[in-house]
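Engineer: Given next are the chains, with one letter for each unit.
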Amino acid sequence: MLAATLLALAVALPAARALADDLPSFVHDGQLTLCTNPTLPPMTFVNGSDTNALAGMDIDLARRLAAYWHVTLIPQTMDFEGLFPSLSAQRCGMVISGVLRQAGRLRNYDAVAYLDSTVVAVARVGTPKIREMADLSGQTVAVQSGTSYAAQIERENDRLRAARRAPIILQQYPTEDQVVQQVLIGRVHAFISQDVELYYRQKQLGGKVTIILTPDYPDFHQFAVYIRKDSHDTALLQKAIDELSQEGEIAAMAKKWGISGDHQSVFTDQKAPSRFDFTTFFGALFSTAFLKGAELTLVIALLSHLTAIAISIPMAMKLNGRDSIIRRLLGLYVAVFRGAPTLLQLLFIWNALPQFFPIFREHWFTPFLATWLSLSINESAYQVEINRAALRAVDPGQVLAADALGMTTAQTYRHVIFPQALRIALPPTINEFISLLKTTSLASVISLQELLAVTQIQVARTFQFTEYYAAALVYYLAMVFFFLFLQKRIERRFIWADRNKASADAA
Amino acid sequence: MQLSTSPDPTARISIRGLSKFYKDYLALDRIDLDISKGEKIVVLGPSGSGKSTFIRCLNRIEPHDSGVLMIDGRIIDDRTNLTALRGSVGMVFQNYNLFPHLSVLDNCTLAPQLVRGITKSDAEATARRYLSQVNIAEQAEKFPIQLSGGQQQRVAIARALCMNPEIILFDEPTAALDPESISGIVGIMRDLAEQGITTVCVTHEMGFARHIADRIVFMDRGAVLEVTPPEEFFTAPRTERARTFLAQMIRH
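Quick mapping for you: the protein sequence lines, in order, are chains L and P. If you're matching positions, the first sequence starts at 1 in this note's numbering and goes up one per residue. If you're matching positions, the second sequence starts at 1 in this note's numbering and goes up one per residue.
For the record, the hints were derived by calculation from the structure and aren't laboratory data. We treat Cβ as the ideally placed atom computed from N, Cα and C, and that holds for glycine. The reader is advised that the hints may include incorrect statements.
[As the list claims (entries may be wrong)] Sample of chain L residues with no beta-carbon within 10 Å of chain P, all distances over it, derived: (1) 106; (2) 170; (3) 277.
[As the list claims (entries may be wrong)] Listed next, the stretches of chain L that the computed footprint assigns to chain P, with coverage defined by at least 3 CB atoms under 8 Å from CB atoms of chain P: (4) 398 to 410; (5) 426 to 436.
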């Protein structure tokens with residue numbers, strides 16, 4: 001018995017220690033954090049209407065790696081452009097998101113390949129095949145922004161220009177499904193993608209597109225897991241993937257997601273009618289995913305605007321007051337936050353702030369908080385101008401009268417100035433709010449699952465973009481109309497400002 | 001009349017050497033004046049002579065820069081409790097300055113509730129009494145924008161009265177009104193004076209000045225040039241400036 005225990009300890013202890021030693025540095029606190037952009041089926045996408053249910057080859061691999069290191073997988077979703085900044089900001093330990101292993105990216109990150117792939121140029125069905133990329137000279141081609149296809153096409157263009165031929169015209173879109181849409185609606189001649197994606201899109205694309213070229217680019221042969229530069233971590237990751245590969249687990253995943261075989265067989269001639277599908281539209285309209293997305297959009301807009309109003313009132317009072325250092329600093333604040341694009345401010349707060357202050361890297365700093373923070377600051381810079389104009393529009397005689405009646409400054413603001421300024425500020429404030437409600441859609445770039453992010457994820461899954469866009473439109477319009485209605489109702493309470501209405505009311 | 005150099009604590013208002021500057025511009029130039037309880041003073045003078053600035057110093061809406069201002073024996077300076085001061089010195093403005101977002105009744109009850117801490121029902125009872133006194137009780141529920149200028153000025157007077165002041169300052173109360181409204185306001189001011197409230201009135205309303213004022217204070221370029229009973233001022237002004245001023249007033 002004792003011997004058995006000792007033997008067990010002797011075996012278990014070194015094993016446990018080896019396990020701890022063998023953990024890569026990006027795995028800590030029992031967690032493996034993953035950054036992914038779930039709009040690229042079958043690699044990484046949302047399978048079903050629950051936007052938190054990630055699926056795909058990449059997600060399976062990440063789960064398997066987490067199991068391999070005996071930790072929990074914490075996935076974070078975001079726009080493709082946000083993946084590498086988030087990796088740098090240490091917001092996640094690794095990026096697995098259908099990203100190709102490429103020399104350019106290896107300068108800043110380490111990568112371990114896990115799946116072979118091929119680049120394809122795809123056009124509408126009936127487009128003749130071409131022999132090389134140069135044949136696309138003068139044509140428009142769409143790619144996903146943030147991917148390396150753009151750089152590859154630029155290299156082709158350098159050669160075309162050297163040969164005095166027209167370059168390929170490039171268009172970049174934030175998600176893969178939008179890239180494909182451009183070909184489907186006939187705006188661009190072709191798109192560049194990977195073969196694995198086409199396998200998955202077979203159902204949606206069957207009979208609509210065809211592969212016109214499989215260019216042989218050495219840089220586009222492998223999908224890879226990206227991590228921050230660390231030779232020890234890379235060796236451990238390589239070891240893990242090698243083991244999974246030898247045990248046939250990676251091949252099994254690829255098979256599960258249909259990534260195998262002859263890609264020409266993908267395109268059978270199923271002619272699907274492309275009319276507006278009302279079932280999909282109403283399904284989306286009443287789905288919990290859309291309802292939750294709309295709720296988040298509304299909550300973040302309301303919270304941000306209320307915060308903006310709260311901080312912009314004292315700011316406006318200070319800015320309307322005498323010249324001082326504080327006043328100049330506030331003037332600078334307003335100029336900076338009105339001047340910088342809202343999208344840039346969001347990206348800055350989410351991706352750049354953690355590099356200056358590591359505290360913003362921690363889990364409490366969620367996309368929701370980051371959006372709330374940046375939209376509040378941004379909106380306060382606009383709201384302060386409305387407040388200033390409204391406060392200035394109140395007749396100075398009002399303050400004089402309140403003074404002469406012995407009212408304190410606080411009482412004067414509370415009972416005399418604010419009620420009158422509110423009437424003047426209300427219409428432009430509601431206008432700002434409606435604008436802000438729509439601005440929240442930018443937060444999809446930092447992975448906030450608001451209405452537009454939900455829509456894009458659903459479109460990537462099903463490719464029924466018209467139906468899902470229409471459902472999103474209904475939600476946005478319903479919210480905007482509600483606030484316009486509210487504005488009318490509130491304005492009706494300001495009868496004191498309108499002689500005719502006030503008289504009619506009295507009569 | 002020669003005043004002593006120190007202020008008179010028995011006077012309602014006692015002023016010695018009161019001066020006020022706007023940067024380098026001398027707005028009030030060493031004013032000396034005593035106003036006794038219940039007295040009706042009319043301040044006359046060409047525009048820009050400092051009349052409005054002068055009466056705004058009396059409730060410290062404009063703080064003076066030098067000299068002494070004493071009300072009921074108390075020195076008024078930057079240590080004075082302004083809430084108490086303004087409770088005892090009411091003011092009525094040329095442009096009424098009613099609170100447009102409040103009904104006539106609420107205009108009259110807001111400050112008594114906030115400043116004096118009177119209950120709403122007491123404040124409303126007082127307000128209705130004064131609104132009746134200025135003959136506008138039936139408009140209590142209306143908003144200022146629904147009233148004529150003369151009606152608004154009556155409300156403004158009632159609002160000032162609701163604080164139960166001992167002194168009321170009128171800053172050109174009839175300047176924005178039509179002749180018919182003017183006579184109504186002048187009547188109300190005469191009634192107030194008869195109730196023993198001390199009034200200091202800046203006006204161009206010669207009827208009020210001539211028939212109701214106890215004394216005329218004539219100002220020019222920030223200085224008081226004459227303090228005389230009205231019959232003397234209008235018949236035999238002592239200074240050349242006053243004669244020119246009166247000649248111009250008559251021509252208008």
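Engineer: If a hint holds in the structure, say so; if it does not, say that too.
Structural biologist: Status of each hint after checking the structure:
| no. | hint | result |
| --- | --- | --- |
| 1 | 106 | 67 Å, holds |
| 2 | 170 | 59 Å, holds |
| 3 | 277 | 53 Å, holds |
| 4 | 398 to 410 | holds (count 10) |
| 5 | 426 to 436 | violated (count 0) |
Violation of the numbered hints given earlier is confined to hint 5; every other hint is satisfied by the structure.
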